[in-house]
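Chain A is fixed; fit chain B onto it per the hints.
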Amino acid sequence: MCQVMRMKLKCIAAATLAVIVAGCGTGTGSPSGSGDPANAPAARPATAVAADPSKPPVLVGFENTMTGTFAFPAFAAGFDAGVKYVNEELGGVNGNPLKSTLCASDGTPDGAVNCGNQFVQSNVVLSVLGFDYGADGILPVLKAAGVAEFGYQAITPGMNNAVGQAFFASPSTQEAYSAAVVAQQGLGVKSLATVLPDLPPMHEYFETVVAPAAQRLGVGIRAFYYPATGPDWASFASSVVATQPDGVTLYVGDADALAAVPAFRGTGFTGVLDASTSTSIIPKLSAQNLEKVIFVNPFFNNLYADSALSPKVKADLAAFERHITPDPATYTFAQAGFFDAVQAADMLRQVADRTGAPLTRESVLRNIGNTKGSTFFRDGTYDCSTPSWPGTTSCTSGFNYAQVGAGKKLTPLPNSPVNVSAVKPVG
Amino acid sequence: MSPYLLFLFLGLSLGAVYASIALSITLTYQGSGVINFAAGAMATVPLYVFDDLRNGRFSVPLPGVPSIEVGEQPVWLAVLLGVVVAAVLGLLVELLISRPLRRAPVLAKVVAAVGVMLTIQAAVALKFGSDARSMTAVLPTGSASVGGIQVPTDRLWFAGIVVLAGAGLAIWFRRSRVGLAVQAAAENQRAAEFARLSPTVLGIVTWVVSSVFVALTMMLAGPAIGVLTPGNMTLLVVPALAAALIGRMSSLWAALAGGLGMGVLVAELQFLSQTKTWWPDWAKQGLTDAVPFLVIVVVLFVVGRSIPMRGDDEQLRLPAVRLPRNRPVVIVALVLGGVALVTLTDGSYRFGVINSLALSLIALSLVVLTGMVGQISLAQAGLAGAAGLVVSKLGTALPFPLPMIIGALVATVIGVLIGLPALRIRGAQLAVVTLAAAVVVQQFVLGNRLFVSTENTIRDPELFGLDLGVREGTTIARVPFGLLVLVVVAIAFVLVANVMRSGTGRRMLAVRSNERAAASVGINVSGVKLTAFALASFLAGLGGTLIGYSRGVLSVESFGVLVGLSILAIAYIGGIASASGAFVAGAMGAVGIVFVILDRNLDLGQYYSVITGVGLILAVLFNPLGVAGGTRAQYERLRAGLRRRTGPDDPPGGEVGTRPDPVLRRPASRLVGDVCLRTTGIRVTYGGVRAVDGVDIEVRAGEIVGLIGPNGAGKTSFIDAISGFTPATGTVELAGRDVSALPAYRRARLGLVRTWQSMELFDDLSVLGNVRVADDVRDRSFAFARDLFRPSRTPSGTVGDAMTLLALDGSGEGRPAELPLGRQKVLGVARALALEPQVLLLDEPAAGLDTAESIEFGNDLHQIAATGVGCLLVDHDMHLVFGVCDRVYVIEFGRPIAVGTPEEIRRNPKVLAAYLGGDHLEASEPAGDVLTQEPTRIGGA
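Going down the list, the sequences are from chains A and B. This note's numbering applies: residue 1 is where the first sequence begins, and numbers increase by one. This note's numbering applies: residue 428 is where the second sequence begins, and numbers increase by one.
Chain A on its own, in the form it takes in the complex (with noise of 0.2 Å):
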């Protein structure tokens, strides 16, 4: 309907897209090219390696929605404590401290576009973009001055699919909604309801990706799109069940899934409901309405059962409590950011090791194709020369789907990670 209200969509869809793309990964890359953050313990570990300050910064851009009326300002302050840690405990890149330079947008392409700007006049080795609708604006800048683009997520069109020019730490936004449809075949649904905002990426996807994947599954699959203006989840989700699917997923924010899932159980719908990532619902709803919601998220973290974190993870989170105490309710945007900053470091230090000369932006964008390593906060690994879904920009794969389990923890699914193989296109 509005400029906010495609903002909030987008959001919602992006969160979405944010946490079903960062599952697990498969577990078969090699490991970082610099220090191995599964060493990490809960205190500063005695082998942790401080930055040389003497040296010259490797300067960074970092983009991130700062000011308007969806602001991310804890993105940032995980992207800083991540910056400190890189600096503190992993010897920066290669010795020399890394630097960033924040541009504060407001979410609109004409920020992007500004960003684009200060980093190209900055001299920056890369620019790493926080959570930014309107990402896609600083590309063609970027382009013309060949700085590579990194972030942990392609949130926006452009990002995803701009091959050689951005490189992203998690699943593609494809993998993302076939990863929908394999989890729910795999739980036995028959029926799909999907439920997106209506927006044209949205329904871009839709056609493309999920319906394919779906017919290949054998899966009956219809699209609901849900108004910019905000649904009364109550009277969309009797639209919904009107066609009688037996599963739901659910492509929202967590602020509407709180208010979708109550509403898609009170029309009588008893089968499984995919709440995407939005885990925060879960202290929220009763275990009655909870039951069979399946969730997926972007990185692990505390919501989840002890038992299913492995000991890598652990030192990741504990790494990450220990430059900074996130609110609870932007626990995740703080990760992503610390994730950024943490992933970035590995990268330039595998680009410095490569070229063995000072980082410039014409080394990055030349060798930053070919890193490849662990990613924090996930078992998984990174390999960004080549996609992981054909034609985007993903340097990962695998998702982690999580039920709520006893003590309202997340446990993985059976069949988690999920494997997209049989619905993934030939590249």
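Bear in mind the hints are in silico, worked out from the structure with no lab data behind them. Think of the CB as a built atom: it goes at the ideal place given N, C-alpha and C, for glycine as much as any other residue.
Only part of the chain A face toward chain B is listed, based on derived beta-carbon distances under 7 Å:
| # | residue |
| --- | --- |
| 1 | Thr-67 |
| 2 | Asp-110 |
| 3 | Asn-114 |
| 4 | Gly-134 |
| 5 | Ala-144 |
| 6 | Ser-235 |
| 7 | Ser-239 |
Then chain B, alone, in the frame of chain A:
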């Protein structure tokens, strides 16, 4: 049937949300004249405070003030706190914004409401964060069986409460002392003030009541409003405005019903579109946004003209237009200045300069549309986006500049379509319809995947092998691109400036000044409006294409609804009535040079949005003329001061226009020719009252015919009827041609020209400009194209003759308002005379004139008639009527009762009875000075 019934009930709760905001908007409009576009945004403030307290936090809704953990509190306390916050917010808006702007232009009120909306959104995000919150039900939950279906109980409760509360509000408004006072003030603010109804108190009451009402209902709505974010309630005003318009901005009952009905309609359509396979995919996109737009358009089309304006709206004027002169020296200097800015800056600063230039075109589109024609549009950004979209589609297929031109033309077509409702409405109502249109453009054009793909790259422009792309390597803004933008902008500004000071510009200003008067001098008001919409849309489109080229990719978010609101706001602040204001606005726009300077040198951080919104409000409050207008006003004051020092000028219309000999003279000879005007069976009905009932008259060429009758006899209605300004039956023949079916402006063009009792001059034009409009109407062939390139033409001989005949030569450059009353009347006649009429209809031309002026006017009338013009004179000045008329018609209660020479009429018993009452018929002397007095002096020429 049951699904439809279920969605009917669910739709009622959605409709209750619309209805409550619609009631609030209606009440605020009645009380203060402000169409509160910020109604939805205002409701978010108490909602957040309410939600915080429900979750154990006490929050004062001010950024920077920390919240206090107070533990779980009862719901009633949270509701009470929300109500208090809403009341305080309403009070503050009234006292700080609405009251100071009570007599400000409509546009200033629209911009102020936009400022409030932006400020609240930003402040709420800053204070409460941008995470969406789910609203939990306050009312009893569960389900109830209605007609065999299960309906959520809280929705039934909510709809019921809104209906009851809305009905209570409507009754209070209709019956209570305060409500009646609000209505009285809405009809006539001045009269209300005389009756000791304080507009301040009424304003406070309406703002507080409306703010509390909508906040209270939203708190009770719970999940029916979806989720709570700083921005998601903002544009709930669009469907609410549609409902308010159904209530003609005055009936709370109708607004309530309209809101409920629209909610049901949206819910049912949503059900059909989501579940029925026959529903086309393309029509699913943005469906719920389109419904309010369609409702608005239909309602305005049907009842638009009957929507009552507030009494004080009539006085509201836009800032005076500053017409550009296009002096070659100034143009060259400006272009050289632009070249210097483009070449001497670099990096982000150059990008800011270039972006400012491109944005200035969109702002210029508003100068044309709003500044020149008085039409408010909130859709210009959407039009710019549509043009940018065309460039992204055609940029690779067609050589530059074809994609740019085609893009601008596509925007033109869409803009004209959006402008169609403007043929029936104007002012804030047009703002409403264009706001809704902007939403539809965003959803159906910019948001429709039929047009928009996931990537919309725009190819760099290239001309004759010359790369004109915006960036290359680390050069983020190249000089060639900057010069390209400069050239396009310079050409556009020069051509638009030509139009503004040409006949087309005069017609536009005439329409802005007075649509009725414009039609009476033969101006096709609809045509002028659509021309303005077309030109403005082309300019916005041109600006959109340049912005697209500067970005390298089309992002629809660059052209969203809120962007459109912001552009209108900065255009107003820059100076909506002058071309130079467009440059100021461009500089202040998104990624414009002002933004770049602030961004690079000041760290405003997360407070930037709040500061921007507050700055907008302050700018409207303290500089309602805008930066350019204010500067110009200062300059004019300075010049006036200098003039006083060097000696007083002759006042316009002073000595020059006064003739010392107050003797009514008949010309030596005046030929009376054939019948040039014949009316047969003219009837005019207002409701159940027949104002004119079968009046037949004839006027011959060169003849002066009087039409008299007591007050309320139907004289003006008769003039309105035959000149096409009021619906009537009967036949009007002009020189033997039946013109009964023609609109007013066509009748005027054929020679049936009228003047007005209340003068109805074009205050935005000079005295000469008022008369020159006749030339512009007469000379219409390719006028727009000609005016683009050759605006300055000398006035025709007819205009000069009219000015000379009526002794207005010395007053040509002054403003009509600077003339004495009598001379203003004469100016109205001169304007009519310059149209070379066959018949001149004069509606009380002597009203307000003193005896000498009246006599002078009589002499002028003789002169006019001597040129062969047939004159129909309606006036209460019997000295004048009997002194100049050859024949006189008399009507009473809309019916003809007598016709004859002045002498015959003077002694006609029916006429005497009509004027003096039946008793006087028995008097031996023909009674009544009014009819029996001889003219002051009648002498031969």
